[in-house]
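> Line by line, the protein sequences are chains A and B. Quick note: the first sequence, position 15, residue 14 per numbering that gives the first Met the number 0, numbers continuous. Quick note: the second sequence, position 350, residue 349 per numbering that gives the first Met the number 0, numbers continuous.
Treat the hints as calculated values from the structure; they're not laboratory data. One thing to keep in mind: the hints can contain errors.
Under the rule of at most 30 Å between Cα atoms (straight-line distance), these lysine-lysine pairs were calculated in the DSBU-like manner [claimed, not checked]:
| no. | chain 1 | residue 1 | chain 2 | residue 2 |
| --- | --- | --- | --- | --- |
| 1 | A | Lys61 | B | Lys162 |
| 2 | B | Lys162 | B | Lys84 |
| 3 | A | Lys11 | A | Lys76 |
| 4 | A | Lys53 | B | Lys95 |
| 5 | A | Lys49 | B | Lys96 |
| 6 | B | Lys84 | A | Lys73 |
| 7 | B | Lys84 | B | Lys95 |
| 8 | B | Lys95 | A | Lys61 |
| 9 | B | Lys162 | A | Lys51 |
| 10 | A | Lys68 | A | Lys49 |
| 11 | B | Lys370 | B | Lys383 |
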Amino acid sequence: MISPELKQVILKQLNLDDFDIKDETTAPEVPGWDSLNHINIILAIEEHFKVKFKSYELLRLKCVGDLQKLLDSKLTKQ
Amino acid sequence: MTSFIDFNKLFELLRYQPDDPLVFSTALFLILFTFFMILYTLFIKNNSFRLGLIIFFSIYFYYKSAGYYASILLVSAAVNFYFGKWISATENFSYKKLILIISLIVNLGLLSYFKYTNFVIDIINGIGEGNIEPLDIFLPIGISFYTFKALTYVFDIYYDTLKPTNSFRDFALYLFFFPNLLAGPIDRAADFLPQINKEPFITKKELGLAVFLISIGLIKKVVIADYISLNFVDRIFDFPLRYTGIENLLAIYGYTLQIYCDFSGYSDMAIGVALLMGFRLMENFNYPFKATSIADFWRRWHISLSRWLLDYLFRPLQMKYRNLRVFGNMIGIFVTFLLCGLWHGAGWNFIYWGALHGFMMSFSLLIQKPKIRLLKLLRIENTKFLRFFQTLITFHLIALTFTVFRSYDMQTVYDMLSQIIEFFHAEVFIQFVEKMPLITGLMVLGFLFHFLPSKLFDYSATIIAKLPLAGKILILTVAIWLAAQFKSADIQPFIYFQF
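Just chain A, with the same shape it has in the complex (with noise of 0.2 Å):
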């Protein structure tokens, strides 16, 4: 499941009302979330959550969900 926190940050980077954005959505179905808008989204979650992603860690991203998982271990790890 997105968490409706990380969604929000998703959609305001991407001046989106609203996204149906699911586990198994992928960036170019997201209207805007291109690979150079990618930098933008990854900066915006790293500020809103205060974390800090490796760079290893975000290539290997295939959809939203394995982002969620990311920002989980990462929280957790707090």
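Please build the complex by placing chain B on the supplied structure of chain A, with the hints as guidance.
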């Protein structure tokens, strides 16, 4: 006693000949591939035989094109197979990274030795006015392509998005696969490996598509690319000052069409040949001159390379420099395209070409926001008018960069551009059309077909699919006959073979 077959001649024909690779558009390939397909179809249910046959034919195919350098391919397969296993079996992340770095040093080191040694010697000689003798190095054909293919396997295992295969045979087949061995598409191991052990199946529609792709690829390569290059483009690029500006401009358009037809024609044939065998390769071109920006061009041109660069070079750079935000993207794009240029060959023309693309895309990132504001202000956002101009401008920028790509010294580019600016003589166009009706016709047809709606091509493939087998064979025969009419005495290598 005299024999009907001169075995010595046959042996000579079948053995490795320098500068005579086994290209899809030769009669020899056609004959050998026909025999191959007969055996392949007869033993289609026998998995081991079928896969063994592909490997055997692929090794022969590479031997015919690269001689004993074919052994490099075997080394690359063995090394990368074990690198994959090693990375996957290693738990510690730092060790994983270390193995990846060793793998990159081995793969790129081998590639660099063959490709860039003499270029580096040249640069050193230039800087220090030294006199180091260039080495006698033979560039094994296709090495840039199969090195990148092998690296997708290692990278994906490193990122944990692919499990290594336990079968060396399967990995070797992926790497050796003759349709995409010499000039791509650079298919991903992750997409190809799962296809290997499935019983080959090709739908009626796919058979139509395969026949269409092989026929159109052959026509693009032999009828359009080779003909306009030998009879027009090469002459102007060799001596631009002897011709008027309009002829120079037409040669630039001609080369842009030539390189597209040459390379996408090869990809079409590769995809078609693989499809006949029941393998689906990735798309490599999607009407690149319809692009409305340089970034859009790279989503349509040599797609398998641009996606490779995006995933394995740009993204890591972008992530590393993400705190710099838009500048992080700009650095990532510029470095990626500079190296993309270098991948194409050891020459300043390729480096300038890559740098130009990198610069144009980075710059467009910088002006993106004011550009959108301006378009909104002018109320031309999302209009056909804007799309038309964007396509026109993008095409001319691409054509300009290909002029740099084609010219071994920048003096040629300067001469061509100065002829266009200072000695245009538009009236010569009429004489050109009268003197070279075939060249004009082929260029008009080439561009016309490119800009027609893509639906038309899908429709043609569907019609071919509906034809009986004899009809499909007739289409292929007509394409081969047409190619034979235009074929020059010498075999024209594919431009991308040199990379």
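> Against each hint, give a clear statement of whether it holds in the structure.
For each hint, the structure was consulted:
Only pairs whose Cα atoms come within 30 Å are accepted, and A/Lys61 paired with B/Lys162 is accepted, the gap being roughly 15 Å. In summary, the hint linking B/Lys162 to B/Lys84 is supported, as the alpha carbons are separated by about 9 Å, within the 30 Å threshold. Using a Cα cut-off of 30 Å, the hinted pair A/Lys11 and A/Lys76 holds, with the two alpha carbons roughly 26 Å apart. Pair hint A/Lys53 plus B/Lys95 holds up; C-alpha atoms about 15 Å apart against a cutoff of 30 Å.
Restraint check for A/Lys49 and B/Lys96: satisfied, since their Cα atoms lie roughly 27 Å apart, inside the 30 Å limit. For the proposed pair B/Lys84 and A/Lys73, the alpha carbon gap of about 29 Å is at most 30 Å, so the pair holds. Simply put, B/Lys84 and B/Lys95 have alpha-carbon atoms about 11 Å apart, close enough for the 30 Å limit, and the pair holds. The straight-line distance between the Cα atoms of B/Lys95 and A/Lys61 is roughly 20 Å, inside the 30 Å bound, and the hint therefore holds.
With a C-alpha separation of about 28 Å, the suggested pair B/Lys162 and A/Lys51 falls inside the 30 Å cut-off, and the hint holds. Taken as a hint, the A/Lys68 and A/Lys49 pair is honoured in the structure, with Cα atoms around 16 Å apart against an allowance of 30 Å. Of the pairs offered as hints, the one joining B/Lys370 and B/Lys383 holds, with about 17 Å between alpha carbons and a cut-off of 30 Å not exceeded.
Figure legend: structure checked against the earlier numbered hints; every hint is met.
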